[in-house]
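Line order of the protein sequences matches chains A and B.
Quick note on numbering that gives the first Met the number 0: the first sequence kicks off at 0 and runs consecutively.
Quick note on numbering that gives the first Met the number 0: the second sequence kicks off at 0 and runs consecutively.
Calculated from the structure, these hints are not laboratory results.
What you are looking at is a predicted structure, and each value in this text was computed from that prediction instead of being measured.
Keep in mind that a hint or two might mislead.
Capping the alpha-carbon separation at 30 Å, the derived lysine-lysine pairs in BS3-like fashion look like this [what the hints assert, rightly or not]:
id: 1; chain 1: B; residue 1: LYS100; chain 2: A; residue 2: LYS94
id: 2; chain 1: A; residue 1: LYS36; chain 2: B; residue 2: LYS44
id: 3; chain 1: B; residue 1: LYS137; chain 2: A; residue 2: LYS89
id: 4; chain 1: A; residue 1: LYS88; chain 2: B; residue 2: LYS100
id: 5; chain 1: A; residue 1: LYS90; chain 2: B; residue 2: LYS137
id: 6; chain 1: B; residue 1: LYS100; chain 2: A; residue 2: LYS95
id: 7; chain 1: A; residue 1: LYS90; chain 2: B; residue 2: LYS100
id: 8; chain 1: B; residue 1: LYS100; chain 2: A; residue 2: LYS104
id: 9; chain 1: B; residue 1: LYS100; chain 2: A; residue 2: LYS89
id: 10; chain 1: B; residue 1: LYS44; chain 2: A; residue 2: LYS104
Rough simulated footprint, nothing fancy, chain A against chain B, three-plus residues with beta-carbon under 8 Å [as the list claims (entries may be wrong)]:
id: 11; stretch: 65 to 78
id: 12; stretch: 97 to 107
id: 13; stretch: 112 to 118
Partner residues aside, some chain B positions facing chain A, computed with beta carbon under 7 Å [claimed, not checked]:
id: 14; residue: LEU28
id: 15; residue: ASN30
id: 16; residue: ASN90
id: 17; residue: ILE93
Beta carbons are placed, not taken as given, at the ideal position from N, Cα and C, and that holds for glycine.
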Amino acid sequence: MKKRVFLIGGFNKTRTLADSLLKKGYEVTAINADRNKCEVLAQKKQLNVFCGDGSKPFVLEDADAYNADIAIALSERDEDNLVTCELCKKKFNVKKTVSLVSDAKKTNFFYKMGIDSVFCAVSAIAGIIEQHALLEEMSTLATLSQGRVRITQIEIAKSAPVVNKKLMELKLPHGVIIGCVLRGERSIVPRGNTRVHAGDELVVISSDEHESDAIKLLTGKGE
Amino acid sequence: MNKAKYNKSQKKRESYTMVVGCGRLGANLANTLSDIGEGVVVIDKNQESFRKLSPSFGGIALEGDASNMTVLEHADINRATAVISLTNNDNTNIMVAQLAKEMFGIEQVIARLYDPECECVYEEFGISTICPAVLSMKEIDKLLPTIPLGHLEEAIQEDKGDKA
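Pulled out of the complex, with its shape left as it was, chain B reads as follows (with noise of 0.2 Å):
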């Protein structure tokens, strides 16, 4: 593991994205920003987790808990323009995300929820969602033109739940 991902003075850049969840996605969202030269700081509770970067990997990881606010200060969550929560519990994305939102006044706020049941809730608070399912779901629509169109995506408005 390179010692200087933790190093502090790399904190000092203008601002960063925050990536919540060094899984799957996390890993390659943080990796694919790193590339192209954006600051980053991953977060995860479990230090093996970083393992997923890239050796190239440039921005900050940190081990520690986001659903605790002293580790989000810790991070200079303030300075972050955008908090993206991808862990693999919904309810820990809900939380670190209006944390970031209200807490700390963060704009441009993502999470990934695996129930889509629950987006309806969350849009109210200006949070973005992104639900795997329901994205899945678009892409068999389209990759599956024998099953009548407009079908599936009555499904999906179904389960989103009636947001009026």
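Excised from the complex, chain A in its bound form (with noise of 0.2 Å):
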């Protein structure tokens, strides 16, 4: 059976994730207070659009709320999306909620409360922004368990101090890992013993709190 998923305000955020849960085979139905931007997210075919607002229980309850399987609140008041999510699990049974929340302060305060995952669109948005400010040749590839492990890769300049250094005389801190070197075509799962090349990309596993101590030593670049 297809997976229902609930997409409970916001407009913009609504279409993109609609048309790409609605690709990848999930039932979609969008909740929507606004009359005109129903209209025009029910333009969209196989969208299901309820117009109301879904921090109502007789809103949810006419969408048919206790058959969807994943509820997403994406609209930009707090304390609609805090609401809706709640009554998604407590009333309707929704095995999964997400919620979108716009004071990052608030995101532990989200998890409190029974939402399965919540996410802080400024503060995601400002952690890309500065990472790409402030190094270049880093990427952060993942993080995981809320951004208190970050999977990095790292480019390897000519100029950088760890060239030619087997990885044992680094000195990484704790925490800090390298999981594994990217040289050319091969990737090499390293040892101790490791050379570091110039031009090598390293993938670094790290806390959040050592990733800019391991990407200073390993660039020799920071503040």
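Quick one: dock chain against chain with the hints and give me the complex.
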């Protein structure tokens, strides 16, 4: 059976997300309080659209939230998203609830209230911009457990202080390991005696507090 | 407007009641609490709302969005003995109440909810709710003895949804 996803509130995010979810074969329902926006959303084939305030129980009931597998709250108001997710969880027994939060300080609070995944768009975007603005030779591939663990790809320039050193000589801080060395076409899972060459790309797994130390050590740059 | 309302030295009081939303009910409650000598902080995002406070109001009026944690911290919510959320938005009241309860450990938390349907969800979280519609129904039931008693009570129960 097709998985049913509810997108509640939000307009541009709903449109983009609906496209990609429909392509992947989900059954998608969008709920929006604005009639004009609903009409635009309804132009998409296959997308079910309900007009109403998604933080109200009767609207969710009309939209048949009892049968939803995933509810994603995308409105701009934190309180609406919180209530929407709590209703979906408690009243409609939706298995997974996802919420956007605009105030990053509330992320923990939302998790505490039982929402399964919480995303702060502002801090996520700020993080990406910061990474790209500060250092060009690195890119974060993934962040895990709400940003506490990072997987970062770092390019080693000719001038980097670690060139021609063995990994065991690098004195990497605890909490940082080099998971993989990408050299040309090859990818090497390194050992302590693997030498770093200029032009290598290192995949570094680190905790967030050690990430900048590791980058500084490997590239010789940083604040 | 009395400048003393913003005097920070008044914050040094031992404990106080926080009222969120300075509407008719919020302002009345804040005035009454202040009159009987209780410490009160009333928060509203609109400065104009504080005009409803009586000239003798002796508490603190704080302009800001109480759904923002920084504003709550600024108001020293940790020292509040009770938080009563009375804005005109149910969702805001729910979030303020839950923030107070879960993030700041306030024991006594009350939220006004216009929509009685949500009530069942929030009783679980240990938040007391006031629902004007339910209260009015009960009063009407009292005032209209011609309507068979218990009839309205049933309707109220249905409105509240199944609590089981």
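- Mind listing which of the numbered hints don't hold for this structure, in increasing order? The structure conflicts with hints 14 and 15, although it agrees with all the remaining ones.
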